[in-house]
Amino acid sequence: MALEVQEVDSFYGDLQVLRKVSLTVAEGEFVALLGPNGHGKSTLLKAIAGLHPPSLGSIRYRGTEIFGATAVEIVQMGLAYIPEERYLFPDMTVLENLNLGAYNPNARSRIKENLQFVFTLFPRLEERKNQKCFTLSGGESRMVAIGRGLMSGASLLLVDEPSIGLSPALKKAVFDSIKKINHERSITILMVEQEIEDALTLAGRIYMMKGGTILFERNANEVDKAEIEKAYF
Amino acid sequence: MALGLTIIYGVIHVFNFGHGIVAVLGAYFTWFFLTRMGIGMIPSILVSCVIMFFFGLLFYKVTIRILMKKPNWEFSSIIFLLGFGIFLENIILQAFGPRVKSIPLFFEGAIEVGIIYMNWHEISLILLVIAIVVALQLFLKKSWIGQAMRAVAQQMDGARVVGIDIDRTFSLAFALAIAVTGFSGILLGTRYFMTPHIGWDWMVKGFVITVFGGLGSAPGAILGAFILGITEAIVTLYIGSLWVWPIWFGMFIVILLLRPQGLLGGRTI
Numbered sequence: 001m002a003l004e005v006q007e008v009d010s011f012y013g014d015l016q017v018l019r020k021v022s023l024t025v026a027e028g029e030f031v032a033l034l035g036p037n038g039h040g041k042s043t044l045l046k047a048i049a050g051l052h053p054p055s056l057g058s059i060r061y062r063g064t065e066i067f068g069a070t071a072v073e074i075v076q077m078g079l080a081y082i083p084e085e086r087y088l089f090p091d092m093t094v095l096e097n098l099n100l101g102a103y104n105p106n107a108r109s110r111i112k113e114n115l116q117f118v119f120t121l122f123p124r125l126e127e128r129k130n131q132k133c134f135t136l137s138g139g140e141s142r143m144v145a146i147g148r149g150l151m152s153g154a155s156l157l158l159v160d161e162p163s164i165g166l167s168p169a170l171k172k173a174v175f176d177s178i179k180k181i182n183h184e185r186s187i188t189i190l191m192v193e194q195e196i197e198d199a200l201t202l203a204g205r206i207y208m209m210k211g212g213t214i215l216f217e218r219n220a221n222e223v224d225k226a227e228i229e230k231a232y233f
Numbered sequence: 001m002a003l004g005l006t007i008i009y010g011v012i013h014v015f016n017f018g019h020g021i022v023a024v025l026g027a028y029f030t031w032f033f034l035t036r037m038g039i040g041m042i043p044s045i046l047v048s049c050v051i052m053f054f055f056g057l058l059f060y061k062v063t064i065r066i067l068m069k070k071p072n073w074e075f076s077s078i079i080f081l082l083g084f085g086i087f088l089e090n091i092i093l094q095a096f097g098p099r100v101k102s103i104p105l106f107f108e109g110a111i112e113v114g115i116i117y118m119n120w121h122e123i124s125l126i127l128l129v130i131a132i133v134v135a136l137q138l139f140l141k142k143s144w145i146g147q148a149m150r151a152v153a154q155q156m157d158g159a160r161v162v163g164i165d166i167d168r169t170f171s172l173a174f175a176l177a178i179a180v181t182g183f184s185g186i187l188l189g190t191r192y193f194m195t196p197h198i199g200w201d202w203m204v205k206g207f208v209i210t211v212f213g214g215l216g217s218a219p220g221a222i223l224g225a226f227i228l229g230i231t232e233a234i235v236t237l238y239i240g241s242l243w244v245w246p247i248w249f250g251m252f253i254v255i256l257l258l259r260p261q262g263l264l265g266g267r268t269i
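Protein sequence lines, in the order shown, are assigned to chains R and V. Going letter by letter, the first sequence gives residues 1 to 233 in our numbering. Going letter by letter, the second sequence gives residues 1 to 269 in our numbering.
Looking at chain V on its own, in the form it has when it is part of the complex (with noise of 0.2 Å):
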């Protein structure tokens, strides 16, 4: 989720509003090929992610691309995005039905360790982040086209000296970021049930976590997760649920007045 909104902010520099719909999108396009057509968990997610990825590149040729080309293009971006949100939201709506649905566990049962107790479907919810964090960042700095993103939000002038394509990078970092994003959406749709509207929650939390960690740092998101994460454990189990809310954003406050750019900020991916 926050993955997903650093690599486009970190890369093209718009802030995707769209973005909670996005992963709502990815979840219920499993949703549907696991319990209408029935092909299974893994390829479920995968042809899920494949859609998102065409769905992405598709989406930024027709009009992100065509906004960009226009001055104050990064404004009507945001408003343009935030828009397209609420109309996807929408056709969601129309598609699935108001009724809340969810995706099943990857795996049941739990372990014990001392005190600690997991089930196994958390376990592997951490692990493929974890497995998704490092192939993303092997992604930026070993391949082509990684490096050419990194170049791309970098120095964009440097980027066309060297060659590089830069309407053409910049769809492919749109399409990954998309396709990351509905990943993300799957592996929520599992831990939490989901209705068309849950995107906006998620999205939320996803923006918060990312300012906090630093817009465009991959690393800073990570951080920022881990830090809020522990909050909402902590605070549940001391002060209520209630809490959480109230006490992220106190805290996001506190981030924004001491250090504007978020604790990793300031640096591209």
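So here's chain R without its partners, still in its complex pose (with noise of 0.2 Å):
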């Protein structure tokens, strides 16, 4: 298993957000977490990632602990949290962004190879390279952050609403980048969405979160959408 979560609470100051939450992800696979805003979708990726540490569960990442670790340890040992554009460095260039992202001393040796991918996946970032990130339109952070993920030579990438705010064309860009990475890097996901529809295309399983609670788990291609609704209303 690549991720094991299990029975993982999680709390801002006396709000508990996670309620024994549990999901696994196989190596390689493509899975989404759907549900209603506000139900604990980021904050377990937040969790996973050692950004918003839990405080009860276990989380296991190919067999290893790391509840308890830090973000640091967490990010050198192949585990990459792809957030929202406003966390990019927006004083400095794309590409600083990029070489930022692999910072973590395992990704140091790869900076080329991984940046030809970026750059493959993402022909306007190359374009783009020396320009300032507050410069840029909100598509293009969006790719400068999952660039910045995939510089960390992660092999679990958790991915937070790759597609919020962006126009049809954009989020086609953006979902057709994610699943090249999963399909041609074999790179598992772990990806939080709105756009259902989109998601049930793309990942191969899902989970359905609200309340901070896991409520299913489905095969894709066997999900029910009025199932799907009911959990939003």
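If you're looking for bench data, these hints aren't it; they were derived computationally from the structure. Please note: incorrect hints may appear among the correct ones.
[What the hints assert, rightly or not] Keeping only pairs whose Cα atoms sit at most 30 Å apart, straight-line, the calculated DSS-like set for lysine-lysine is:
| hint | chain 1 | residue 1 | chain 2 | residue 2 |
| --- | --- | --- | --- | --- |
| 1 | V | 142 | R | 132 |
| 2 | V | 61 | V | 141 |
| 3 | R | 210 | R | 112 |
| 4 | R | 132 | V | 141 |
| 5 | R | 112 | V | 141 |
[Claimed, not checked] Computed beta-carbon distance windows for the label pairs:
| hint | chain 1 | residue 1 | chain 2 | residue 2 | range |
| --- | --- | --- | --- | --- | --- |
| 6 | R | 216 | V | 79 | 53 to 63 Å |
| 7 | V | 245 | R | 68 | 47 to 57 Å |
| 8 | V | 75 | R | 95 | 31 to 41 Å |
| 9 | R | 95 | V | 130 | 25 to 35 Å |
| 10 | V | 139 | R | 169 | 36 to 46 Å |
| 11 | V | 141 | R | 109 | 17 to 27 Å |
| 12 | R | 134 | V | 71 | 24 to 34 Å |
| 13 | R | 134 | V | 126 | 30 to 40 Å |
| 14 | R | 219 | V | 78 | 50 to 60 Å |
| 15 | R | 68 | V | 139 | 32 to 42 Å |
| 16 | V | 127 | R | 95 | 25 to 35 Å |
| 17 | V | 58 | R | 220 | 50 to 60 Å |
[Said to hold, decoys possible] Selected chain V positions facing chain R (Cβ under 8 Å, derived; list incomplete):
| hint | residue |
| --- | --- |
| 18 | 74 |
| 19 | 144 |
| 20 | 148 |
| 21 | 150 |
| 22 | 151 |
| 23 | 154 |
| 24 | 155 |
| 25 | 158 |
| 26 | 161 |
| 27 | 162 |
| 28 | 163 |
| 29 | 165 |
The C-beta atom is built at its ideal place from N, Cα and C for all residues, glycine as well.
Put the two chains together into one complex; each comes in its own frame, and the hints tell you how they fit.
Quick look at the structure:
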């Protein structure tokens, strides 16, 4: 198993956001995490990445317990969180942002090779590599965020709402790139997404999350639309 | 001087009110090694800077880091650094006494080119400062740890996402700033006399320059120093040196009213 999350509890202050959440992601799999806003999906990704450490439970990455590990250690092990665009370094160029993605010592030796892959995936970033990030459009920022995650040499990407705020054409481009990352590089993907239709065509399996717990788990081709609608309303 | 303030403010967002004293401490270290240990100018400066670096590292680890975990840490750090500055000033007073000291010039003699008259020492100071500025810029732009410092300054959550150790980066930035400040104190110690109290004077000048140019902007600090230095020279020449401070602060107030972020402020290092 690439990732095994068992009975994780997480709090913001006194507010419990995750209640005994369990899920698994197999090596090379593409899993989507669906559910209404504000019900703990992003918190779960941040808990796994060590950015908002959970208070109880167990998180295993390739069999190793990473519950309680720091964000720095988790990145080094090959797990990258791809956040929303506001996490980019605004006053640095696209290239500097991408290179910083390879900050962890394990990634530095493969910087050239990974950069090449990012540029084949997003030719637009190569054109704008010397542009400061605060000048980029929403779609380009999203590409830099994904590229920066790839630069870490991760074998598991935690992608947080990649399509949010993008036009339909850009949404498609971003989803295509994530699919390519999964197919061509066999990088395991756990993606939080609001676009249910797209998520169902991309992912092999989905989890539905609501109220800080997992409601159900399905293979993407066996999903009952009514069941999903019910979960949302 | 202004550069050290800029690094600390730019990366950690703390304004260091103990800054002048740190510069004085660097100058006193060099004076001590030079005159009491007799190890020569360059070794004295190098040893002083290394000591200042480790002093900064230790100081961050045992004080600032603990303060940063508390709510309202920005304000408490300012007060703490101010208090520590006064404490350090008195330690220096006890250790070295109140008498005026100075570090010898690097080079004797002067050069005349047309109407410009400069001594070799001042030329060497200018070259040294340019070298330090270039080296710092290269360090911040090219090295991994320098990039990490800029990353932390610009987007702390983003820095955590790519696996930068925030605490380690803060401690190195703080130590680097203390070393650079100590070095600036050494240079000032050769240019002016030094007493344990002179640090406040230096700091106010550094503060005006830094805020004038834009807090957290290294090019701003240099531009601020350049403009205010020329103003000082012109005012001293045509009106009298007593008017330097009033005119400086007049300009300072005007800049703050028109452009509160300083000339090149609003950006990060």
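Taking 30 Å as the top limit, are the C-alpha atoms of residue 210 (chain R) and residue 112 (chain R) close enough? Roughly 41 Å between the alpha carbons, so the hint for residue 210 (chain R) and residue 112 (chain R) is violated.
Hint says 31 to 41 Å; check whether the CB-CB distance for residue 75 (chain V) and residue 95 (chain R) agrees. The hinted range 31 to 41 Å holds for residue 75 (chain V) and residue 95 (chain R), with Cβ atoms some 38 Å apart.
Could you check if residue 148 (chain V) really has its C-beta closer than 8 Å to a C-beta on chain R? holds, 7 Å
Under 8 Å, Cβ to Cβ, is where residue 161 (chain V) needs to be relative to chain R, so tell me if that hint holds or is violated. Holds, about 5 Å.
C-beta pair residue 216 (chain R), residue 79 (chain V): status relative to the range 53 to 63 Å that was hinted: holds, 55 Å
Could you check the hint for me, namely that residue 127 (chain V) and residue 95 (chain R) are 25 to 35 Å apart, CB to CB? 32 Å Cβ-Cβ, so the 25 to 35 Å window holds.
Okay, residue 95 (chain R) versus residue 130 (chain V) on CB: inside 25 to 35 Å? For residue 95 (chain R) and residue 130 (chain V) the Cβ distance comes to about 27 Å; the hint holds.
May I ask you to test the interface hint for residue 158 (chain V) with respect to chain R, counting a Cβ-Cβ separation under 8 Å as satisfied? holds, 4 Å
Restraint: residue 155 (chain V) near chain R, CB-CB cut 8 Å. Satisfied or not? holds, 5 Å
Satisfaction of the residue 151 (chain V) interface hint, Cβ to chain R closer than 8 Å: Interface hint status for residue 151 (chain V): holds (5 Å vs cutoff 8 Å).
Just to be careful, I want the Cα atoms of residue 142 (chain V) and residue 132 (chain R) compared with a cutoff of 30 Å; is the pair within it? holds, 16 Å
Do the beta carbons of residue 245 (chain V) and residue 68 (chain R) sit within 47 to 57 Å of each other? holds, 56 Å
When the structure is compared with the earlier hints, violations turn up for hints 3 and 18 and for no others.
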